[in-house]
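What follows is the residue order along each chain.
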Amino acid sequence: MTGVTTRELTYAAATNEAVHLEMARDEDVVLFGQSVAGSPDDPFVRAFGPDRVRVTPISETAEIGMAAGAALAGKRPVVDCTMAEFLLVAMDQVVNEANRFHYMSGGRVTAPLVLKAGYGFTAGWAGQHTGSIYGMFMGVPGLKVALPSTPADAKGLMASAIRDDNPVLFLHHYLLLLEQGPVPDGEHLVPFGTADVKRSGSDVTVVATGWTVHRALAAAERLAADGIDVEVIDPRTIAPLDTATILTSVGKTGRLVLVDQATRHSSVATVIAGEVAEHGFSALRAPIVQVTALDASIAYAKPMEDYVLPDEDKIVAAVRRVTVRGAA
Amino acid sequence: MKPAEMFRHMIRIREFEERVKRTFTEHPGVIRGHTHLADGAEASIVGSVAAMRPGDQLVSTYRCHGYPIALGSDTSALMAEIYGRATGICGGYGGSMHLADPERGFLGTSGIVGQNIPQGTGAAYAAQLRGRGEVVLTFFGDGASKQGAFHESLNIAAVWKLPVVFVMENNSYSAGVRTDLEDANAAAGEPLATKARAYSIPGVTIDGGDPLLVHETVAAAVERARAGEGPTLVESRVYRLSAHGNSIAPPGVPLHYPEHEAVTKYGNAEEYEAAKRGDPVPRLRARLVGSGELTADDADRIAAEARAEMQAAVDFALASPHPEPAAALSHVYA
Amino acid sequence: MNAEQARSLLRTMWRIRAFEERVGRLKRSDEVHGLIHLSTGGEGVAAAVCGQLRDGDVVYSGHRAHGHVIAKGAPLPETMAELMGRAGGLCRGMGGSMHLVDVAHGMLGATGVVGGTVPAALGSALAARMRRESTEGEDTVSVVFFGDGAVQAGTFAESVNIAALWRLPVVLVCENNGFAEFTPRSAHTPVERVSDLVAPWGITAATVDGNDAVAVWEEFARLLAGVRAGDGPALLEALTHRLRGHYEGDPDRYRDAIATEEWQQRDPVLRLERTGIAHGWFDTDEAKAVREAAHAEVEDAVTWARESPWPTPELAASLVYGS
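As you go down the protein sequences, you meet chains W, D and Z in turn.
Sequence positions in the first sequence follow this note's numbering and run 1 to 328.
Sequence positions in the second sequence follow this note's numbering and run 329 to 662.
Sequence positions in the third sequence follow this note's numbering and run 663 to 985.
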């Protein structure tokens with residue numbers, strides 16, 4: 001990134017910086033939610049005042065429905081929904097209202113809003129706060145879904161989400177919140193529907209999202225020591241999904257491992273596997289392997305939590321499976 | 329708005345709804361899916377909309393034909409939308425349940441009971457931020473007041489003092505279920521406006537068949553909202569003169585309008601006949617002619633004009649092209 | 663209230679207090695992990711309510727559930743083991759602090775989602791009412807504990823309407839600590855008292871000082887009698903002080919800390935000790951013995967839990983479906 005200066009920021013700070021910059025840039029951007037404006041010295045309240053930055057009651061349906069209405073009336077609301085599971089309390093407003101307004105009105109209205117929520121908090125939070133439930137949203141027409149894996153992407157995707165004229169689910173990963181990384185100063189936009197090749201390689205394509213991107217990169221380093229050159233792709237947004245970049249990579253490597261923290265049948269992995277099976281079959285030299293969470297809720301105790309999640313060892317094993325002699 | 333003008337809009341809405349209903353027999357197959365008519369609620373709709381001024385907005389339920397007519401939307405484009413034509417007000421994408429005319433302040437509807445209430449509340453938050461004294465009317469039915477969205481929204485509107493008027497059109501039926509069978513207040517013989525107490529906001533119950541009373545009540549609530557004093561719950565008692573909606577059937581089975589649930593489900597023909605005798609449209613006509621505000625000839629002329637307007641709307645809609653199939657992939661995203 | 667009831671109440675409250683203080687320390691040393699919400703300050707409500715219920719009566723709770731579970735009769739070793747994620751835990755280490763269940767004692771569920779168990783309690787109440795119609799003398803009730811934050815959730819209004827309409831045998835117990843997680847009630851609603859908020863539904867409701875366990879006991883006894891008799895639902899609002907933050911580790915910057923002297927006055931456990939001694943229900947030595955026994959019992963529970971094995975990892979992939 002020549003000409004762009006960067007700073008080391010955490011993923012959480014980078015996300016907040018994007019919201020802050022967009023609120024400064026566009027006074028129609030408003031921020032509300034149950035965990036917003038936590039104290040009088042909250043930096044958002046100080047910068048933008050208590051009218052544009054508001055704490056809400058625990059009323060998910062109203063919060064998200066209000067975002068839809070404020071958006072129809074010209075605002076660009078960002079709702080901090082705290083945890084992705086809380087979206088489920090207001091499922092109608094998430095998948096059956098704002099996302100359809102533009103379409104059902106024949107393009108007469110738009111509902112630009114961002115629902116920001118964390119997911120994947122596999123840190124002893126047991127069954128109800130640890131899910132990776134983005135899969136159920138990726139096929140919802142009119143709704144876009146972003147899953148940043150790095151601080152820079154978090155900033156750039158949040159800025160793009162706020163400027164997008166559609167409802168966007170911005171899902172940040174809880175285990176990444178304090179991860180540091182270089183983040184471009186000032187305006188930084190990451191386009192939706194453009195995957196990022198996080199590591200180039202020639203032997204195997206690994207597609208991963210969120211926290212599993214980092215597990216895949218670590219696995220790739222281990223495999224490099226054995227002479228296996230892994231390419232790691234992060235789709236960054238799963239709706240829209242950049243299948244072209246994945247197919248191009250598979251055309252080069254002929255082997256595909258899909259890593260996903262979601263349970264298998266509601267994962268992005270399964271969707272990508274279907275796309276590649278249909279559009280990239282002739283390039284495949286080995287069966288596609290999916291490394292997903294096991295089909296269980298997340299248990300409280302750590303040994304069980306670890307057991308169901310994809311990890312570095314499982315990714316390494318999967319890559320070895322598709323590269324063993326005879327798999328071709 | 330003068331009473332004669334209210335009468336004109338009420339009879340336009342009635343005529344429009346009659347033409348929607350007649351379409352099922354005159355042009356079978358032209359209207360698909362589910363329609364919900366506002367006949368019986370014209371006085372409540374027109375009286376409420378008359379309290380709006382430019383810049384004010386409204387959201388409604390799927391029973392939505394009356395509001396844009398009162399706001400001045402093109403009835404040909406409205407009918408074309410219900411007929412699924414490319415010339416429809418939403419290009420044939422929305423149909424009967426999803427009319428919208430944002431330029432006139434009609435932000436849209438929800439097809440899901442109660443879900444437009446937070447949306448209207450959010451539009452009111454936007455109005456509060458604009459700071460120009462604009463107000464949002466949020467229309468919904470009695471059934472919607474049992475949705476969590478109602479509770480959450482009225483609470484937030486109250487604590488944030490949002491410029492919103494919640495107009496509950498209580499027609500005594502939650503879809504097909506009598507309200508006293510599903511509402512604790514109704515079961516106790518209390519008005520549903522009692523619910524306003526849970527949010528420390530004013531709640532009033534009025535005869536929604538009297539457009540002047542509706543106008544006076546809603547206008548007072550609108551002015552209160554404009555002044556920054558927060559929301560009001562207006563329970564407007566109306567009687568829906570048609571069934572909840574047209575029949576629901578698989579493709580190929582002709583659709584029709586059944587009789588009202590009072591008759592078909594509860595065997596209470598007298599309730600329905602009494603409601604017909606109280607029909608707000610002839611009621612207003614009699615009142616205006618009686619008081620000399622309108623001559624019988626004028627009233628007849630207004631009715632004839634409404635008939636001609638809606639005939640033209642039907643003709644326009646029938647003659648309009650269907651959307652191109654591939655248009656289905658437009659407007660997925662803005 | 664008689665001496666025996668008062669001693670039992672004090673014993674339960676000390677067991678909860680000692681248990682949660684120990685859990686707070688175990689959280690800081692990471693022997694208990696995940697998100698932990700302590701109910702310190704709310705012991706009187708849990709003990710006075712559950713102390714009047716039978717095993718057959720059903721209780722539901724939310725994320726701050728330790729006290730309710732203990733008061734309903736769950737054994738301390740298994741409860742502690744659950745919080746430590748051990749195989750011997752109430753839920754075999756699969757639920758942890760926010761999802762405690764003890765079917766044997768009628769503790770049917772706790773949830774991590776605000777307001778999530780209110781409709782579930784209605785369901786149990788409906789089942790109880792249906793049993794009433796066929797079973798002579800059947801008068802079990804359902805009780806759900808929730809915080810003041812849950813009252814603003816739509817599910818609450820939906821539930822109260824149905825409970826009132828169907829006259830369900832359910833007691834809604836709202837522990838109003840003035841804070842919905844991190845924000846004061848005034849930011850959440852213009853209605854200060856939850857008992858006022860439910861007035862439009864016409865259900866019996868009362869507000870009581872939740873720091874006064876005797877008052878909670880007496881008020882709940884009155885409401886419970888009506889619900890058992892088939893008079894329909896009731897709501898008890900107990901005004902409490904949440905001594906700890908929303909969760910263990912909460913920097914708690916959004917409110918002023920309570921002064922030590924004020925807390926000494928309000929602390930429901932110490933207050934019951936003073937009241938009980940003044941009434942002659944027990945003396946200082948007896949109160950001390952109760953306190954020490956509770957702490958000893960908690961230490962035994964910790965020892966037991968530490969000796970409980972970790973669940974086998976493969977358990978994670980089982981129990982997804984019931985057989």
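Some clues are possibly wrong.
In the EDC-like style, the derived pairs of lysine to aspartate or glutamate whose C-alpha atoms are separated by at most 16 Å in a straight line are [to be verified]:
#, chain 1, residue 1, chain 2, residue 2
1, D, Lys489, W, Asp51
2, W, Lys302, Z, Asp893
3, W, Lys252, W, Asp226
4, W, Lys302, Z, Asp918
5, W, Lys302, Z, Glu976
Keep in mind the hints are simulated off the structure, nothing from the lab.
Contradicted hints - numbers only: 2, 3 and 4
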